[in-house]
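First to last, the protein sequences are chains S and F.
Numbering-wise (this note's numbering), the first sequence opens with residue 1 and increments by one.
Numbering-wise (this note's numbering), the second sequence opens with residue 1001 and increments by one.
One thing to keep in mind: the hints can contain errors.
What the hints assert, rightly or not - Covered, in the sense of this in silico footprint (three residues per stretch, anywhere, with C-beta under 8 Å from a C-beta of chain S), are these stretches of chain F:
no., region
1, 1027 to 1035
2, 1042 to 1050
3, 1056 to 1066
4, 1101 to 1112
Unchecked claim - Listed next, the in silico DSS-like pairs over lysine-lysine satisfying Cα-Cα at most 27 Å (straight line):
no., chain 1, residue 1, chain 2, residue 2
5, S, Lys172, F, Lys1002
6, S, Lys46, S, Lys73
7, F, Lys1039, F, Lys1072
8, S, Lys134, F, Lys1039
Because the hints were derived from the structure by calculation, they are not lab data.
Ideal Cβ placement from N, Cα and C applies to all residues, glycine included.
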Amino acid sequence: MINKFVASAEAALADVADGATIMIHGFGNAGMPAALIDALIAQGAKDLTIVNNNAGNADAGLAALIGARRVRKILCSFPRQADSWHFDRLYRAGELELELVPQGTLAERIRAAGAGIGAFFTPTAYGTRLAEGKETRRIGERDYVLEYPIHADYALIKADRADRWGNLTYRKSARNFGPIMAMAAKCTVVQVRETVELGAIDPEVVVTPGIFVHRVVRVAASMKKAA
Amino acid sequence: MKKLDRKQMAARVARDIPEGAYVNLGIGLPTLVADFLPKGREIILHSENGILGVGPKPAPGEEDEDLINAGKEPVTLLTGGSYFHHADSFGMIRGRHLDFAILGAFQVSVAGDLANWHTGAPDAIPAVGGAMDLAVGAKNVLVMMEHLTKNGESKIVERCTYPLTGARCVDRIYTDLAVIDVKADGLHVVETVDGLSFEELQRLTGVPLKRLATAA
Chain S
1 MINKFVASAE AALADVADGA TIMIHGFGNA GMPAALIDAL IAQGAKDLTI VNNNAGNADA
61 GLAALIGARR VRKILCSFPR QADSWHFDRL YRAGELELEL VPQGTLAERI RAAGAGIGAF
121 FTPTAYGTRL AEGKETRRIG ERDYVLEYPI HADYALIKAD RADRWGNLTY RKSARNFGPI
181 MAMAAKCTVV QVRETVELGA IDPEVVVTPG IFVHRVVRVA ASMKKAA
Chain F
1001 MKKLDRKQMA ARVARDIPEG AYVNLGIGLP TLVADFLPKG REIILHSENG ILGVGPKPAP
1061 GEEDEDLINA GKEPVTLLTG GSYFHHADSF GMIRGRHLDF AILGAFQVSV AGDLANWHTG
1121 APDAIPAVGG AMDLAVGAKN VLVMMEHLTK NGESKIVERC TYPLTGARCV DRIYTDLAVI
1181 DVKADGLHVV ETVDGLSFEE LQRLTGVPLK RLATAA
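Okay, chain F solo, but in the shape it has when bound:
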C-alpha cells in the first residue's frame, strides 16, 4: 500500500474543485491545496479576515503587513479580488455562499460530526477562530486528515471524543488512505490508495464502511 504524502493529499483534493468555485482553505494541511489547483480553472479563494481572490505568496521584500491571510501570512490579491469587513466575510460563510470549506480535523464521526478545534486537554488554552462558522456555513465541508493517529487509531470514529466543532456537517473525508463520502446512511468509500483493499481499509478504520460500486 502506498500512503499519500501531504502534497499528494493536497493534489487529490485540488482535483475535485471545479471551475468557478468559491473556496476557503483552513490553516495547516488545507493551505497546501492552493499550490495544486489545476491551472486553467478560475477558482476564487476566500480568507476569513476579509479577502476574495487570495493570490500566491509575495516575492521576498514585497510583503505588505496590511495584506495577510487568516493564518496571518503575507499574501497577494489576484486581479478582480476584493476586500471587505469581518461581518460581511462571515456573512459569506454562514450565509451559504461559499462552495467549499476545506478543513483539517482531529476526528470525524460516522454521522459527519467534526472535531478540529480543541483536544479536550484541561490545561489547553482554547482557540476556535472561524472553524465553527465554516463547519455550519459552507455548502460542502471537505475534511483533510491522516487516516490514523500516531498510535494507529482511526481518526474516523463512531462518536467524537474531542469537543465538537460542528454536528453532522462533514460531506467528504480525504485521508492519506482513502476518499470517503459521508451520507445519511453511513460512510461510502469512493476510492482507496494503490495496494489498499476495501477489506484492509475497513479493518484499519474500525467503524462500518460501505463499498461504492465503483470503488476498487
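Next up, chain S with everything else stripped away, as it sits in the complex:
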C-alpha cells in the first residue's frame, strides 16, 4: 500500500546531507513551509544551496535558516526587502553567494528541470547585465538568451490538502512555486493543513498529482485569525 504520510517534519528531513540543493516554496510568506524549515534548521545540514523567490523576511522561516549560517548560495529573483536583514548582512560580508535570476526565468528553469528539458531560449534579460556571458540566439525577429534547468535534491512545499498517494491542492496565491518545485526535486516533501482519505480530493481539482510527491507531513494550522 502506498502511504506517503510521514509522522513528523523531523522524520521527513532526516536524510538531508550537507551541500544539498533545496527548493523552498513560497512567495514572501504565502506558501512558505515554516514547519519544514524549522525542522531543517534543527536537523543541522549545512552548505546548502537554496532556491526561493526571495531571501527571507524578518527572523522566521528562510530568514532563520540564513541567519543560522546554513546557506552557502541562494538562487532568487528578489532578495532585497525592507526586512531581509539576515541575507543583507551575510551577503555584504561575502559569506553568501547570490545568483540573481529574473522571476519568470527562475520559474521556467524550475519547470524545465521537472519536465526533462535540457535548456531553453528566453527573450527575458537579453541585452542586460543578467545575460552577460550567456549564449544568445536570434530566432525569427527576436533575440533570446539560453538558460538551463535548476534541479534540486529536495523541494519543501506547503500545500493545503493531501491524500496518502500525495495528490495535492493549494490555497489561493500560496500555490505560487509549489507545482513546479514538486516536479523539479528528487525528493519532494510537503507540509499540509489537512490529510484526507484517498478519493476525498476531486480528481478534477488535484493541482499536483502524487507522482511528484514523496513525503507528506500534516501540520496543524496555527491559531491565527480565530475570529
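Mind docking chain F on chain S? Use the hints.
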C-alpha cells in the same frame, strides 16, 4: 505650468486602459492606477505571483496571508478571478498574453530602453523580480515616472546610464509633465500639462522630441 501629482498621473494612465484589457501593475507608483480605473469598464489585473482578477484591499481584519499581490500586500479576488502557478503566470507575461504592463522607471532612452531595477551603485544589493519578463513580454509597456530627477535632470535620456531592464521595449511614457509615445523614428509628444509649451518641455527634456499634429 501645473505638474501632475501622483494621483493625477495614475488617473491619466487609467483613462487609457480599455474595456477587457489584461493589465499588470508594477510595484510603487503604477499600483495607484488600480484606484482610478474607470467604473463600468471590466479590466482584469494580473499579479505575477499567480492571480488574475485582483480585487481591492480587504477590509481590516479580513486579510488572508495566502492572498497577496506581487508587492506582498493583502488583496482580494474578484468574482471570476483565478489562481495559477508561477510558470503559468510568467507564461502569460512572456507569451504576450498581457495587454499592458505599467512600470515605474529610473530612466527611459529615446530608443525605448528601460532602466528600472538597479541604480548601478556598486554596494547595492540587486533585486529584479519580474521586471525583465514584463518588459519583454507585455503587448504594451507603459512607463510612469516623474519627468525630472530631484536634481532637475531629465529621466528621458539619449542612452540609459543605469543598468537596463530591457532594450527597446517601452511604448509610451507618462510623466508629471507629458505623455510621450516611443516610436521607431523617435519620441512623439502626445500631450503636455496645462501651461507647459512644447518648447519648454523640449528644453527640460534635452533629447529631441517630435510634436504630434494634435499636441498643444
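Exercise. Find the hints from earlier in the document that the structure breaks and name them by number, from lowest to highest.
Key: Those not satisfied are hints 1, 4, 5 and 8.
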